[in-house]
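**Student:** So you can see what is in the structure, the chains are spelled out below.
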Amino acid sequence: MKLYFLLFSLALGPISFSQNKPIFTISGTIKDASTGETLIGASIIISDRKSKSTFSNAYGFYSINAMEGTYKMSISFIGYVTDTLSLLIDRNQQLVIGLHTKPAQLETVIVSSKKKNEHIARPVMGVDKLNMIEMNNIPVIFGEKDILKTIQLMPGYKSAGEGNSGFNVRGGGTDQNLILLDEAPVYNASHLLGFFSTFNSDAIKDVSIYKGGMPAQYGGRLSSVVDIKMKDGNQKKLSIEGGLGAIASRINVSAPIVQDKGSFIISARRTYADAYLLFLKDTGQGKQTLYFYDLNLKANYRITKKDKVFLSGYFGRDELGLGDQFSTDWGNKTATLRWNHVFGNSIFSNTSLIYSNFDYNIGATIGNAKFHVASKIEDLNIKQDFDWNIGNKSKLRFGGNFIRHTIAPGDVTETNTGGVTRPVQTRHSEESIVYASHEWKASDKIEMVYGLRLSNLAVKGAGDFFTYDGAGNIISTTSYAKGKTVINYLNLEPRFSASYKLSELTSIKASYNRNIQNLHLITNATTGSPTDVWLSSSNNIKPEIADQVAVGFYKNLNEEMFDFSSEIYYKALQNQIDYRNAAVIFGNDNVESELLYGTGRAYGVELMMRKKSGRLTGWIGYTLSKVEKKIEGINNGNYFNARQDRTHDISIVGMYDVNKGWNVSATWVYTTGSAVTFPTGKYEVNGQTVFLYSDRNASRFPASHRLDLAATVEARKNKDRRYHSSWTFGLYNVYGRQNAYTINFRENNDDPSKTEAVRTSLFSIIPSVTWNFKF
Amino acid sequence: MKQLAIIISVVSLVIFSSCEKVISIDLENVAARLVIEGIVDDSGNPTKVTIGKSSVFSANNSYPKVSGAAVKIIDDLGNMFLLTEAKTGTYTNASLTGVIGRTYHLIVTLEGKTYTASSTITRKAKIDSLVIDDNAFGSGLGGSDSKKWIGVSYADPIGFGDNAQVVQTINGRHDRMTHVADDFYSDGGSTQFFITTGKIKLNAGDTVVEELRFVDKGVYRYLSGIQNLADGNTIPENPNSNISGNVLGFFSAHSSQKKQIIIR
Numbered sequence: 001m002k003l004y005f006l007l008f009s010l011a012l013g014p015i016s017f018s019q020n021k022p023i024f025t026i027s028g029t030i031k032d033a034s035t036g037e038t039l040i041g042a043s044i045i046i047s048d049r050k051s052k053s054t055f056s057n058a059y060g061f062y063s064i065n066a067m068e069g070t071y072k073m074s075i076s077f078i079g080y081v082t083d084t085l086s087l088l089i090d091r092n093q094q095l096v097i098g099l100h101t102k103p104a105q106l107e108t109v110i111v112s113s114k115k116k117n118e119h120i121a122r123p124v125m126g127v128d129k130l131n132m133i134e135m136n137n138i139p140v141i142f143g144e145k146d147i148l149k150t151i152q153l154m155p156g157y158k159s160a161g162e163g164n165s166g167f168n169v170r171g172g173g174t175d176q177n178l179i180l181l182d183e184a185p186v187y188n189a190s191h192l193l194g195f196f197s198t199f200n201s202d203a204i205k206d207v208s209i210y211k212g213g214m215p216a217q218y219g220g221r222l223s224s225v226v227d228i229k230m231k232d233g234n235q236k237k238l239s240i241e242g243g244l245g246a247i248a249s250r251i252n253v254s255a256p257i258v259q260d261k262g263s264f265i266i267s268a269r270r271t272y273a274d275a276y277l278l279f280l281k282d283t284g285q286g287k288q289t290l291y292f293y294d295l296n297l298k299a300n301y302r303i304t305k306k307d308k309v310f311l312s313g314y315f316g317r318d319e320l321g322l323g324d325q326f327s328t329d330w331g332n333k334t335a336t337l338r339w340n341h342v343f344g345n346s347i348f349s350n351t352s353l354i355y356s357n358f359d360y361n362i363g364a365t366i367g368n369a370k371f372h373v374a375s376k377i378e379d380l381n382i383k384q385d386f387d388w389n390i391g392n393k394s395k396l397r398f399g400g401n402f403i404r405h406t407i408a409p410g411d412v413t414e415t416n417t418g419g420v421t422r423p424v425q426t427r428h429s430e431e432s433i434v435y436a437s438h439e440w441k442a443s444d445k446i447e448m449v450y451g452l453r454l455s456n457l458a459v460k461g462a463g464d465f466f467t468y469d470g471a472g473n474i475i476s477t478t479s480y481a482k483g484k485t486v487i488n489y490l491n492l493e494p495r496f497s498a499s500y501k502l503s504e505l506t507s508i509k510a511s512y513n514r515n516i517q518n519l520h521l522i523t524n525a526t527t528g529s530p531t532d533v534w535l536s537s538s539n540n541i542k543p544e545i546a547d548q549v550a551v552g553f554y555k556n557l558n559e560e561m562f563d564f565s566s567e568i569y570y571k572a573l574q575n576q577i578d579y580r581n582a583a584v585i586f587g588n589d590n591v592e593s594e595l596l597y598g599t600g601r602a603y604g605v606e607l608m609m610r611k612k613s614g615r616l617t618g619w620i621g622y623t624l625s626k627v628e629k630k631i632e633g634i635n636n637g638n639y640f641n642a643r644q645d646r647t648h649d650i651s652i653v654g655m656y657d658v659n660k661g662w663n664v665s666a667t668w669v670y671t672t673g674s675a676v677t678f679p680t681g682k683y684e685v686n687g688q689t690v691f692l693y694s695d696r697n698a699s700r701f702p703a704s705h706r707l708d709l710a711a712t713v714e715a716r717k718n719k720d721r722r723y724h725s726s727w728t729f730g731l732y733n734v735y736g737r738q739n740a741y742t743i744n745f746r747e748n749n750d751d752p753s754k755t756e757a758v759r760t761s762l763f764s765i766i767p768s769v770t771w772n773f774k775f
Numbered sequence: 001m002k003q004l005a006i007i008i009s010v011v012s013l014v015i016f017s018s019c020e021k022v023i024s025i026d027l028e029n030v031a032a033r034l035v036i037e038g039i040v041d042d043s044g045n046p047t048k049v050t051i052g053k054s055s056v057f058s059a060n061n062s063y064p065k066v067s068g069a070a071v072k073i074i075d076d077l078g079n080m081f082l083l084t085e086a087k088t089g090t091y092t093n094a095s096l097t098g099v100i101g102r103t104y105h106l107i108v109t110l111e112g113k114t115y116t117a118s119s120t121i122t123r124k125a126k127i128d129s130l131v132i133d134d135n136a137f138g139s140g141l142g143g144s145d146s147k148k149w150i151g152v153s154y155a156d157p158i159g160f161g162d163n164a165q166v167v168q169t170i171n172g173r174h175d176r177m178t179h180v181a182d183d184f185y186s187d188g189g190s191t192q193f194f195i196t197t198g199k200i201k202l203n204a205g206d207t208v209v210e211e212l213r214f215v216d217k218g219v220y221r222y223l224s225g226i227q228n229l230a231d232g233n234t235i236p237e238n239p240n241s242n243i244s245g246n247v248l249g250f251f252s253a254h255s256s257q258k259k260q261i262i263i264r
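Quick note, the sequences are listed as chains A and B, same order. Oh and the first sequence: position 9 is 9 in our numbering, straight run, nothing missing. Oh and the second sequence: position 234 is 234 in our numbering, straight run, nothing missing.
If we strip away everything but chain A, and leave its shape as in the complex, we get (with noise of 0.2 Å):
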């Protein structure tokens, strides 16, 4: 069959393209045939003798070149029923297409996680998609299901800490993730200090990441993307569906504003962390609140056929208090305008207003002193994007965006004492960014993306400058006024990506990529907190510099029911921040002053391999790696592990449908101990024994393992009934491994002649259930 059609193009080929018939576009969006919900990535396939394809893109645009003649036209997306229909192209045209999701019963068979060879054949290496259906019956702590912690189960993601949504992407640091939610920038991605992202994947239509070849478009932080796209709402009727859960409960609402022109969903989520925490032993001190709280809303409307308008928006907050002496509140808010127009039938445009910001508020008496601290970043950025398909074999895509930061970081006030407070100076930045990007299939078996970006950071006043010398004390001072610019980071981010297929099965990848980072995280606790301090680049501060490369191996086997991928990256880091012994960051106006710089490297080889169908689909993640520091002024200038350097990391995940609606899955995580300084001596100052300690990071902590569980059941369908239900039981920490979260030395209470080490841990078996219902 094979060979017939091979033998039939090639005697046919040759005249068919000697013809010279008139080029059409096909172009339109790909939809949900029963909510109406865009669906991204989605393959559009059109042949005859030949056949060409492409992909919809985020808004579930796609636009299709062929000759003029009769094609059968495919279209497919993950776990619904592929389209097919037969096209008479004489004439540019515009054809929307909604696709059918599986049948229930057969869906759970055959969830596949990418469409089946998408991985050997595109160019860009480096990138996830998350599965949000696979998602749903990932075991997580406390029974909420977050993408954040699933991505930690994939190679080259790392957590932060045990049951931490702060991740670490090829041994970059939590805050070299530009995590976008509809194209706004999310400063701090967790509530509950780190336990819970601030995602609710109830409001998630599709998430992507990117921990190499970035594309072009893309920019602002060293490590990765993650680009979350939230649901649009259902344009066909109202549907509501949530969960009642061990720590939080959620709400989502969706329904059509116009049918089929616009709709609008509104997710709710809040959780009672403070009803039966250990944070609720009475300390004697009156209430104490303990929550957060979040709310995605999203509304569309389709003005003309080539016209739609978007209107997103985040808001989070969490909220923490002891009695009347302490409290503190901290979240995002987050809101995206967009504007989608097509020009002709092959140039796609999106306009978008964004607005980001992150600020915390908090409340404290210590004695007769009651102190106030205020905290914000902010975003406005004002973004074009142009997606051009020249033809089915190259595809541009360009633009440009001006983003004003604002960044107030902690001014304390006091007010009881009498006594004056220092004010912190609030800094303004402007980046200014073009981009183009080239996605070109050269042949049959290359295909490439390569691009370039520009970026520049204005640093401006009003503000006081300060210039430091080696020991951090002020050398001189400068006044800008208002407007005025201090520098210029002008950089050029040069970005490649390319796929050669050794077979239909095999292929190998390459790329290189240059990042840049403007806005650093400063923060010399061993744990993240939300009172870290974000710093634009400045006189003081460089840009950081990431160049990565990368190579992989690709192969699909048994009859593509198994994928395996291989990548080995190697990164050389510059102007990386560390901070000097006893730093004071928060509240403090020469805070640069507290800064020391230097270099990193990180290299490793991440192995995956992943059954994407039948009854049990699942991977296992194997991670290799190294990542190291070389800071002028810490370790005598020598290399030291970084933090997060941590050698072997091991995921394995299963999920296996045992039948009528039952579906069980297991995670097992093993990762090498953080890089931590242990002591190596003890000494006597100021009547107390203290630890010396020599190199930085030269310990380790013991290797922590855990095995997760989790079973979903459907309730039985009812044919009279309209909604349906089902629950979700977890078991977090199966064998109770007691892992390690921080290991201190101390005197011996009982006997101060002797030290001991002790470890904490946080999480011993944690069960959990919850109570999922949609109608």
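Since the hints were made in silico from the structure, they are not lab data. Only a predicted model underlies this, so the values are computations on that prediction, with no experimental measurement involved. Please note that the accuracy of each hint is not assured.
Claimed, not checked - Covered stretches of chain B, as calculated for chain A (at least 3 residues, CB under 8 Å):
1. 26-32
2. 48-56
3. 76-90
4. 111-125
5. 174-180
Yeah, the Cβ is synthetic: ideal placement off N, Cα and C, and Gly gets one too.
Starting from the known structure of chain A, fit chain B onto it as the hints suggest.
**Tutor:** Structure of chain B alone, referenced to chain A:
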């Protein structure tokens, strides 16, 4: 107020902290290092310099003393004071009393090597009052077992950059902790510095003596490093000594005042 900066990290640990266990860990041991600690104050306490060495983690907390050093202190008027070895590793001079505003230079010569440091007595220390607070911030939050904190009140001098240390003795015994505070976030007010008694439970009749010291910036930074190490929230590092020659320890010239309170 240092407390302000550490609040969040304390709270975060307490919320989820569930299990503590003493474990055994094999630690690397490095060669013993020299430790020098020197004190000059304005209250008539004898000027004292101790010289010792570090030991390995697994050893008992008794540390080797270093004998035979030549120790002298010169003030900024050029007066020189020699310290004599009163007992092994402890060098004293009873005639040197610190003067407010004066800078003192320590010179230690040992086995052909010289170690130097300078420190200035900035201002007069004066305690306004001592109070006992059963409910100060942080009680029950892992900071203190006894829930009793002692508030040391003093007027913070006008101008940023004043640094205070409190040395606490309970029934005549040092509490084996370091307590330092600065005026980084609020200058010039009446300051209440709350001192934890840590693992020591206070009972009726106990006598607590609080010694307030105003120390200079270099000493504050060093002691602040020691205090951070005990808190365990930052990456552990040896604090930067104000003594030259890559030794451990510090040299402090400071003002001092003591006040006593009896627990009822």
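**Student:** Next step is simple, just say for each hint if it's right about the structure.
**Tutor:** Evaluated hints:
{"no.": "1", "hint": "26-32", "verdict": "holds (count 5)"}
{"no.": "2", "hint": "48-56", "verdict": "holds (count 5)"}
{"no.": "3", "hint": "76-90", "verdict": "violated (count 0)"}
{"no.": "4", "hint": "111-125", "verdict": "violated (count 0)"}
{"no.": "5", "hint": "174-180", "verdict": "holds (count 4)"}
The structure is inconsistent with the numbered hints 3 and 4, although it conforms to all the rest.
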